[in-house]
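S.K.: If you want the building blocks of each chain, they are given just below.
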Amino acid sequence: MSIAFWIIATLTVVAALAAVLLRNLVHCALSLSLTFAGLAVLFLQLDAQFAGFAQILVYVGAVAILVVFAILLTRSSETPKDGGVFSPTWLAGLAVAAAVFATVAGAIVYSVNGLPNAQAVPSVTVLQIGQALMSRYVLPLEIVALLLTAATIGAVIIAMHEKPATKIGGAK
Amino acid sequence: MTPLAGYLLVAALLFAIGLAGALTRRNAILVLIGVELMLNAANLNLIAFWRYGPHPEALTGMMFAIFSIAVAAAEAAVGLGLVISVHRHAQTADLDQMNRMKG
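Chains A and B, in that order, are what the protein sequence lines are. Count the first sequence with my numbering and you get residues 1 to 172, in order. Count the second sequence with my numbering and you get residues 1 to 103, in order.
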């Protein structure tokens, strides 16, 4: 394991912890974009250049901005007056997360690693990815295009300001 | 420790952090942030297995990760739109106060 991996991994995990634990939601969103950037660097270290730059474009560029917009639109950057930012049943949630991590980490540590490609670096160019997307994976690509269109239209319709219409059944 | 185990441990830690955030925070946006963290941990697993697996030139793990990124972007857009819509209706993003389905 290289020293660069440990530095990036520590930075990513600390930023993820900050994104979950901080009280101010704007700080959480900034830590979240730092986590996404650290994950993109991890992708680059794994010789997956295309996925790394796609991660930067989609997550750091788009999803982080969406989260900041949602925080500002819902005015939830102020911490609530009553109680803390954690739910009353936070201990149970923490126990579930710790149990999941213990299970997965135990499976990783005690597994037999017989994967052959530890040394050889895969040489995959963007040209090969593009040709694979246009030939073998063309049907999933079209479905993803349809999904993105439907999701964008759906998000706009959901978040659109509706007129105060008369309710069926009558409001109490 | 092999390199693959290191990446898998980082991914497991990120998944656990995201799960803890989604289960313990009160704000709906923080729950979505936790879900995003879990999706990213899964992507890291896919890329790591693609890199150290037997046939990286077949591009299967890479394609899975790319499609997963696209689907996660759609999920984020719809989820945040839902949070904004619910906030407009209930005037709060606090999940503990959203305790009835009837408007």
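Take these hints with a grain of salt, some might be off.
Said to hold, decoys possible - Partial pick of chain B residues on the chain A-facing surface, computed with a CB cut under 7 Å:
no., residue
1, Leu14
2, Leu19
3, Ala42
4, Met63
5, Ala90
Calculated directly from the structure, the hints in this document are not laboratory data. Bear in mind the structure is a predicted one, so any value in this text is a computation, not a measurement. Ideal placement from N, C-alpha and C gives every residue a C-beta, glycine not left out.
S.K.: Now tell me, hint by hint, if it's right for this structure.
M.R.: Structure-based check of all given hints:
1. Checking Leu14 (chain B) against chain A: minimum C-beta separation of about 6 Å stays under 7 Å; hint holds.
2. A hinted interface residue such as Leu19 (chain B) counts as satisfied when its beta carbon comes closer than 7 Å to some beta carbon of chain A; here the least separation is about 4 Å, so the hint holds.
3. Checking Ala42 (chain B) against chain A: minimum C-beta separation of about 11 Å lies over 7 Å; hint violated.
4. Hint status for Met63 (chain B): holds, given a least beta-carbon distance of 5 Å to chain A, under 7 Å.
5. At about 10 Å, the closest approach between the beta carbon of Ala90 (chain B) and any beta carbon in chain A exceeds 7 Å, and the interface hint on this residue is violated.
The structure fails hints 3 and 5 (numbered hints given earlier, in ascending order).
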